[in-house]
Structure formats: C-alpha cells, structure tokens
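Chemist: Each chain, written out:
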Amino acid sequence: MIGGTTQETSQATAYRARFTRLLAPGLPADRLDRLAWELGLAPATDPAGSEPLAALVTGSERNGAGLMDADALWLPPVAAWIEPPSRTDASGLARLLADAAGNDLYLNLTTATAHGLQPGRRLLAALSARLAPGWALEGDRRDDVELALHEAVSNALVHGNLGVTAMKELNARELDRFSRDLNDRLADPVLAARRVVIALRIDPAENGRPLVTVEITDEGTGFSPGPRSSSGASGRGLGLIGEIADGLEIEDGGRRIRLGFRL
Amino acid sequence: MDYGIEVRDQEAVIRLRGRLTFNDHAKLRALIGEMGQNKLRRQVLDLSSLEFVDSAGIGMLLIAREEMERASKQFVLRGAAGQVKRVLTVAQIAKIVPIED
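Chains as they are written, first to last, in full-length UniProt numbering: chain P, 1 to 263; chain C, 1 to 101.
Think of the hints as simulated: they come from the structure by calculation, not from any bench. A few of these clues could be false.
[To be verified] Computed beta-carbon distance windows for the label pairs: (1) SER72(C) x GLY163(P): 33 to 39 angstroms; (2) ASP99(P) x ALA81(C): 39 to 45 angstroms; (3) GLY163(P) x ALA26(C): 17 to 23 angstroms; (4) ASN183(P) x GLU100(C): 33 to 39 angstroms; (5) SER128(P) x GLY18(C): 26 to 32 angstroms; (6) ALA70(P) x ALA26(C): 26 to 32 angstroms; (7) ALA70(P) x GLN37(C): 38 to 44 angstroms; (8) GLY18(C) x THR45(P): 32 to 38 angstroms; (9) ALA42(P) x SER48(C): 30 to 36 angstroms.
[What the hints assert, rightly or not] Stretches of chain C that chain P covers, calculated by requiring three or more beta carbons in the stretch to come under 8 angstroms of a beta carbon on chain P: (10) 15 to 22; (11) 27 to 34; (12) 59 to 67; (13) 71 to 82.
Using N, Cα and C, we set each Cβ at its ideal position, and we do this for glycine too.
All chains, full assembly: derive it from the sequences and hints.
Modeler: What follows is the structure in structure tokens.
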C-alpha cells in the first residue's frame with residue numbers, strides 16, 4: 001500500500017456519503033430518472049464505480065428477497081440503503097439522504113425487511129469491506145463483533161419495534177409464547193412498518209487505530225437497562241454486547257444504542 | 001438453521017447446521033418435540049456443523065435441556081467449534097449442560 005497514515009485515514013472515510021448517484025433496482029427506469037433528477041443525483045443501474053451511491057429498497061426486493069441479498073450491494077460504493085416510507089416524495093427522500101450523509105454505511109429499513117436479512121452478518125461483511133487491510137477483523141474478535149452487532153439489531157427489531165418480551169422461563173410453553181408473539185407482531189402492518197436505522201462510521205482514533213461506531217435506532221417503547229439477570233432464556237443480550245464492545249451507550253429511553261469498537 | 005436426527009442404538013444424535021438465532025423458534029420447538037418422542041434416553045445435539053449462535057439460541061438450547069430433564073432424558077451438547085464454542089464458554093453453559101468434544 002502506498003503512503004502512510006494519511007492514505008489510510010482518507011481511505012477509512014472515503015465512502016462517507018456525499019451521494020452522487022442513486023440506484024433503485026425496484027423502480028422503472030423513467031421513475032428512477034425523474035427521482036434522481038429531482039434529488040440532483042445521477043441515476044445508476046448497477047453499483048459499479050467508486051462514487052458513493054444511495055440505493056432505494058422498493059417493491060420486489062423487500063423482505064430479504066431479491067437484490068438486498070446480493071453481496072455486492074453491501075460493499076462500497078453503496079453507502080446507504082433506504083426503504084422509503086410509502087408516499088415519500090423527493091423532498092422526504094432528500095431528508096433521509098441528509099441523515100445518511102456523514103456515515104460510512106446507513107440503513108433505514110422497515111422491521112419486515114430488516115428481519116429477513118440477518119443484518120448482523122451483513123453488517124460485519126460491510127464493515128470488513130470498509131476497513132483498510134491492516135485493520136481486518138479476524139478470529140475471535142471478528143466472531144465477537146458479529147455477535148454484538150447481531151444482538152443489538154435483534155433487540156431493536158424484536159424487543160423494540162415488535163415489542164416482544166424476551167423468554168423469561170426455561171420451558172417449551174415460554175418458547176411457544178415467544179414464537180406466537182413474534183409471528184403475530186410481524187403480521188401486524190403497523191409494527192412491521194416501524195423502522196430501524198443503522199448508522200456505521202469508521203473514524204481514526206488515538207494511534208491512528210480506527211474506532212468503529214455503530215448506532216442502532218428503533219421506534220419501540222424503549223426500555224430501562226436494569227440489573228443483569230441470568231435466569232431467563234433470552235435477555236437482551238446486553239451483557240454479551242457490553243463485554244464485547246469497547247463503548248456502549250443507551251439513549252432516547254432505550255430506543256437508541258451506540259456501540260464503539262476499537263480495532 | 002436446519003437439523004437432522006439420527007437414531008442410533010444408545011442415543012439419538014441431532015445435528016444442527018447453519019445459524020441458530022432467535023428466528024429459529026419454530027424449528028427449536030419442533031426439535032424439542034421430536035427429541036421427546038423418540039424412545040432413546042440419551043439425546044445428543046451435535047453442534048459441529050453449527051456456524052453461529054446468538055443469546056436467544058443459547059436460551060433455546062437451555063429450554064431443550066429443561067424439557068429433556070422433565071422427560072427424564074439425558075441431554076448432551078457435542079462438537080461445538082469456532083464462534084459456537086466461544087459463546088458456550090463465555091456463557092458458562094458447561095455448568096448446566098454436559099459438553100463433549
């Protein structure tokens with residue numbers, strides 16, 4: 001690799017979005033062209049090139065099927081995945097793109113879509129692809145970071161947006177209850193449309209070592225982190241997250257969790 | 001996550017494959033039912049092909065263990081590796097469930 005820290009720093013933030021292009025695989029070409037024009041972006045038909053690109057999740061690629069499953073769409077230059085709320089016009093979308101700007105990866109998805117995506121695994125791959133070669137996540141640390149991301153996103157979806165209580169007793173009846181609640185609430189269009197927003201940033205920290213920040217926001221009723229309990233079958237996995245992450249902040253009454261990882 | 005059950009002379013071996021997460025609630029429920037129904041006293045969960053487990057997955061394994069105890073069956077975890085072994089260790093599951101290599 002040519003150059004030293006400067007090169008690495010600029011590489012670490014190279015994908016931080018000032019979007020230039022818009023990709024919307026689910027939209028007909030004429031609608032994409034018009035929307036891109038209204039937003040001052042160039043329409044794109046594939047994620048090639050190097051300039052940061054925002055992708056819209058619409059229509060058939062929802063629910064984990066179709067294009068969101070394509071590995072390439074989680075890699076640079078794609079810097080944002082936005083599933084526009086219904087009847088969002090260009091100005092509404094412009095606000096979402098403004099939220100997305102300044103992150104290395106930004107996801108704004110419904111619960112229904114995010115639930116089908118195994119976002120922990122996807123986020124780990126997306127993060128790995130954005131790290132300079134010397135900082136690659138490997139071995140146990142890689143497994144741990146994946147688990148922390150998975151637990152944090154699962155909490156936002158299951159306990160946050162869907163309001164499903166964790167399994168508290170160790171028996172099959174409680175497993176049945178969890179199962180039933182999860183299915184019922186996913187089938188509720190209001191709850192399934194609640195959004196989860198995931199923002200990932202990679203910043204150079206002390207000694208030039210990158211600091212990865214992942215912020216996950218849900219639209220549930222929040223929670224108060226209480227004393228850890230080991231009696232239930234599934235808590236919020238917060239104990240695990242806390243042991244893995246170097247930073248853990250809970251904000252907005254439990255609707256936002258911010259994780260920090262030093263590499 | 002997928003699983004297959006092999007009924008041997010002395011034990012039933014249930015091999016889990018893929019990723020075991022909160023989303024596998026229905027499969028775990030079915031699995032617990034199948035383990036309860038076969039006649040063998042010893043039920044072994046072979047985790048060697050399991051790639052990933054989350055905290056809810058661990059919880060579901062503990063539920064399976066409780067249900068086997070209720071049915072007077074022996075419940076053993078076998079062959080965990082990689083991330084799965086690591087999480088079982090961190091969560092100190094060996095204190096509750098016999099773990100074999």
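Chemist: Each hint should be assessed against the structure and marked as holding or not.
Modeler: Results for each hint:
{"no.": "1", "hint": "SER72(C) x GLY163(P): 33 to 39 angstroms", "verdict": "37 angstroms, holds"}
{"no.": "2", "hint": "ASP99(P) x ALA81(C): 39 to 45 angstroms", "verdict": "41 angstroms, holds"}
{"no.": "3", "hint": "GLY163(P) x ALA26(C): 17 to 23 angstroms", "verdict": "19 angstroms, holds"}
{"no.": "4", "hint": "ASN183(P) x GLU100(C): 33 to 39 angstroms", "verdict": "34 angstroms, holds"}
{"no.": "5", "hint": "SER128(P) x GLY18(C): 26 to 32 angstroms", "verdict": "20 angstroms, violated"}
{"no.": "6", "hint": "ALA70(P) x ALA26(C): 26 to 32 angstroms", "verdict": "27 angstroms, holds"}
{"no.": "7", "hint": "ALA70(P) x GLN37(C): 38 to 44 angstroms", "verdict": "41 angstroms, holds"}
{"no.": "8", "hint": "GLY18(C) x THR45(P): 32 to 38 angstroms", "verdict": "34 angstroms, holds"}
{"no.": "9", "hint": "ALA42(P) x SER48(C): 30 to 36 angstroms", "verdict": "49 angstroms, violated"}
{"no.": "10", "hint": "15 to 22", "verdict": "holds (count 3)"}
{"no.": "11", "hint": "27 to 34", "verdict": "holds (count 3)"}
{"no.": "12", "hint": "59 to 67", "verdict": "holds (count 7)"}
{"no.": "13", "hint": "71 to 82", "verdict": "violated (count 1)"}
Hint compliance for this structure: hints 5, 9, 13 are not met, and every other hint is.
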